[in-house]
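S.K.: Given next are the chains, with one letter for each unit.
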Amino acid sequence: MVSLTAPVAKDGHRPARTSGPAGPAARRRTGRPGIGWALPAVVFFALFAVVPLVLVAVLSFTTWSGLGSPEFAGFDNWVTLFHDPVMIKSLWLSVLLTVLGVVVQTPLSILLGVWAAGPQRNRAVLSAVFFVPLLLSATAVSVLWRALLDPNFGVPSQAAWLFGDGNLLGSRTGAISVLVLVSAWQFTPLHALIYQGATRAIPAVLYQAAEIDGAGRVRQFFHITLPQLRNSIITSVILMVVGGLTTFDTVLILTQGGPGTDTTISAYYMYQKAFKGFEFGAGAAIALLLVLVATAVSLVVVRVSGYDRMAGTKEGM
Amino acid sequence: MKTRARFRRAVAGGAALVLSLGLAACGSGGSSSGDSDEFHVLVYGDATNRVEERIVATFNKTSEVKAVLDTVPGADYQQKLQTVINTPQAPDVFFNWGGGSISPFVEADLLLPLDDMIKNEPGLKSNFLPSVFETAQVDGKTYGVPMRGTQPVLLFHNKKVLADAGVEPPRTWDDLLAAVKTLKAEGVTPIALGGGDRWTTMMWFEYLYDRVAGPELFKSALAGDKEVWESADSRKALDMLKELIDAGAFGTNYDSVKFTDGGSPALLSSGKAAFELMGSWAYSTQQDADPDFAKNDLGYGAFPSVEGGKGDAANLVGNTNNFYSVRKSTEHADAIAEFLQLMYSDEFVESQLAIGNLPTTTNTAKFLDAADNPEYLKYQYDLVDKAPAFQLSWDQAYPPKNMTPIYVAVQQFFNGQLDADGFIKAMQALTTA
Amino acid sequence: MRRRPNYLAGVGVTLWLFVVGLPLYVMLGAGVQSRPDYNAGGPLGFPDHFTLDNYVDSFSNGFGRYFVNTLIVTASVVAIVVLLVPPLAFTIVRNRGRTTSGVFRLFLLGLAIPAQAVIVPMFYVISEAGLYDNLIGVILPTAAFCMPVCVLILTGTMRDITNDLFEAMAIDGADTRRVFFQLVVPLSKSGLSTVVVFAALQAWNGFLFPLVLTQSEESKVITLGLYNFQTQHGVEIPGLLAAVVLSTVPVLLVYLFARRALVQGLMGVGGK
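Residue numbers (our numbering), protein chains in the order written: chain A, 74 to 390; chain B, 1349 to 1781; chain C, 9 to 280.
Worth flagging that the hints you see were computed from the coordinates, not collected in a lab.
Every value quoted in this text rests on a predicted model; they were computed, and no experiment measured them.
Cβ coordinates follow ideal geometry from the N, Cα and C atoms, glycine included.
Heads up, a few of these hints could be off.
Across the chosen pairs, the derived CB separations fall in these ranges [unchecked claim]:
1) B:Glu1578 - C:Leu36: 14 to 22 Å
2) C:Val64 - A:Ser250: 52 to 60 Å
3) C:Leu23 - B:Asn1408: 40 to 48 Å
4) C:Val193 - A:Ala282: 41 to 49 Å
5) A:Arg290 - C:Leu23: 46 to 54 Å
6) C:Phe265 - A:His296: 40 to 48 Å
7) C:Ser198 - A:Val198: 23 to 31 Å
8) B:Glu1412 - C:Phe265: 49 to 57 Å
9) A:Ser250 - B:Glu1695: 46 to 54 Å
10) C:Ala83 - B:Glu1695: 31 to 39 Å
11) A:Asp238 - B:Asp1512: 47 to 55 Å
12) A:Trp165 - B:Gly1572: 27 to 35 Å
13) B:Lys1467 - A:Leu140: 26 to 34 Å
Pairs of lysine to aspartate or glutamate residues, derived as EDC-like cross-links and limited to a Cα-Cα distance of at most 16 Å, are as follows [to be verified]:
14) B:Lys1489 - B:Asp1464
15) B:Lys1749 - A:Asp157
16) B:Lys1773 - A:Asp157
17) B:Lys1620 - A:Asp238
So the derived list for chain C, only partly shown, Cβ under 8 Å to chain B, looks like this [said to hold, decoys possible]:
18) Ser68
19) Asn69
20) Gly138
Could you build the full structure based on these sequences and the hints that come with them?
M.R.: Pasting the structure below:
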């Protein structure tokens, strides 16, 4: 999300590029659209995105089972949520999965990205293959992996030396590892792509200078490549964090939040409360919490990293 | 409250407005309502749908108003029903489990009492066994007509595997423990369990609680008495279950396996496992997936008795029956009354019997001999007929929001995350009524 | 300058090729085997008796209809986005009023709203509007939720149009409409193609909205078809994986023939 946001958002507040004799009045005549041009899109977006968001906030203060009308319940849902051990655990699990995702995918995708940035032909070909998982929908990926990992009819049945009894989705560690692995399988190419673009944008002069200084490949990587990828790392991590907090399809198809509640992350718990238990009010409260957390995390990362003060380059595209 | 209602209506109206502007004119859709000469029948999607298809076809041959059959795959049925029931797309007639599963709809005034229909056509009542018919009565009014059949939970087995291991189908709990030991030594998973579905795991609790404590314990719990979960009987049932799990009866990877996706039935039919505790529908599941196995090697029996237990060994758990209920706002009540009369037709009874379902109509008995699998059906018929108590599944008996907490608790007890105290606490935390 | 080959990288990449390739191999291999062959050979077994039955079965099991439904959803979402977003982006870039920057911020806010968060009220709104279990009910929110990224992509492209060009048009006496259709749209082609691909991917791969907002066979899309197939016949792995392959074919085709636009569009997907 923010790979595009930050640079462009910056643009949005950039003072007008135009200069010259034309005053504001003259400019309006030079093909400046009135606000009416934006109206259809704004109305549409408001109806189907903003209004539901406002309704989430409203619903979170009600009880509603899907039958009849919502009834006002004050802060009941919120109080219950903060005393609900499953809710607290789901927040931790969301954080755990997100952190594991970042820890696993970041080094992998940096290495792959830097490697793919090389000019060799075989690298381009292999990169094209590496890209394929990204083409599948999250649903397709989850269905594929569920089939692969079936203890009796999937790969574990043929590779007991690696998988043991194949109880991957039935054990806590197994289920969490599978979720981390599957999202790494699918999304590493995306992040590698970000790093590939960024690596190619690093001025060759820097490397030439380092070669003259006699720096080896490893030193070049740590002293030139990595520091130059700083912005991309931030972009990529924000993407992973937001993606991790809102993971849903994979959990629904692979684990249904189990075993027990061991992979019931907040986004799934929300779905479960609302559409399995028909506690739509409680579901709405979790949803609102998710929006707030995702927004806050993005803001904090951007602020801490100083990303919002960076020049609006198109790095990463 | 009022302002908010107006606000919501405004939002919905706005959405409709956008549509009328033609923005979405490019999208055609599968709108399932709007045609005035048909009514929709929503059923739980599984292997037995072919009977519903057949009955609907029979009905449509003679009726001006056509019935349209919609199915929702099992795992999502309850959820879809609750979400759709209050919308214009709600089905006119829908499958349910009677009792607890429809009482919220009755409270919300969404269902049509069928008493007038019955007054006009007494056969709608008199052709069904009275004890089953009562399951769909709420506050003295009738809201459902039985469809499909009664579905007791049975202990299925693979005859060949048992024979190879020299094991007899167990009659008592001790038999079962001994069989587990023998089978394990043979390298077979003693009991197939699709733990990924979790209600499969729950069945073991339902039966053990019944056998040890009798049906009264759960009845009291459902009525709001949380103390019963702490009783000595409750603890004994949990101890016995724990013993079975610890003996390795279910293997180790059962939570990665499911019944619904065909996983655990395949374990049983392929001989990788010896037993499976499952509803009577498992017969048609096997018939579908592996007809040869269903015909030759699929054995079945009642849940073992427990020595010294308070529950009668003839007690059953499962789905007492399924029902068709009718939505109040339907425009086709008369046609639906005609449709419901097919639920005790000879064709209905015969085709249900053909797939192993046992209808609870009064004319069922005379067809039993003619069915393809009379032995299986007579066996069940006898069981149901003689059962002193028939407990509806726990997840159907409690209000729906308890479903996940129950599932989580049974799964966590099986995998050791909850001990007996933890399980008792979890059950006490359920909300009743 | 010549460098010695990087053996370490070679080993790492081979490993990764294995991780990526193995599931893809199983996916393609299992799909062309009969179920008994698959069960005998296991997922890693080589498909000895090639068959397309699984693919044929997929179509007779309703995947043809799901395909058409998904196409309808995708085309409609793209149409809505292409109709609504360019004028909006044009306004944001060329009208520098305070309202406009407020509008822009509204869409930026939209980036932070995950679809899951609004699914409960969305369900409410859609069912109140009588659109439950109707493809239109899926199309509308899907389109709305891919708008923010589309707006960002297009405003980025449109900002690159230099002011000189606008002034030249003005001297010609062009009105706003002409400026839009003869200058802005033609010069935003790259951004537009990214937007089209992004919106199409969102619609094609969308799961949550169809999951919650539809129900019957007639309005099922392909991701839901996959999910239902999995919940009902999960161990019929050959048939299941053939369906997975089918669901991906259109995207693969785009990947082969319009790689650049697809990659750009996917970067947008990552953003959501």
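S.K.: Which hints, by number, does the structure contradict?
M.R.: Violated hints (numbers, rising): 1, 2, 3, 5, 10, 11, 18 and 19; every other hint is consistent with the structure.
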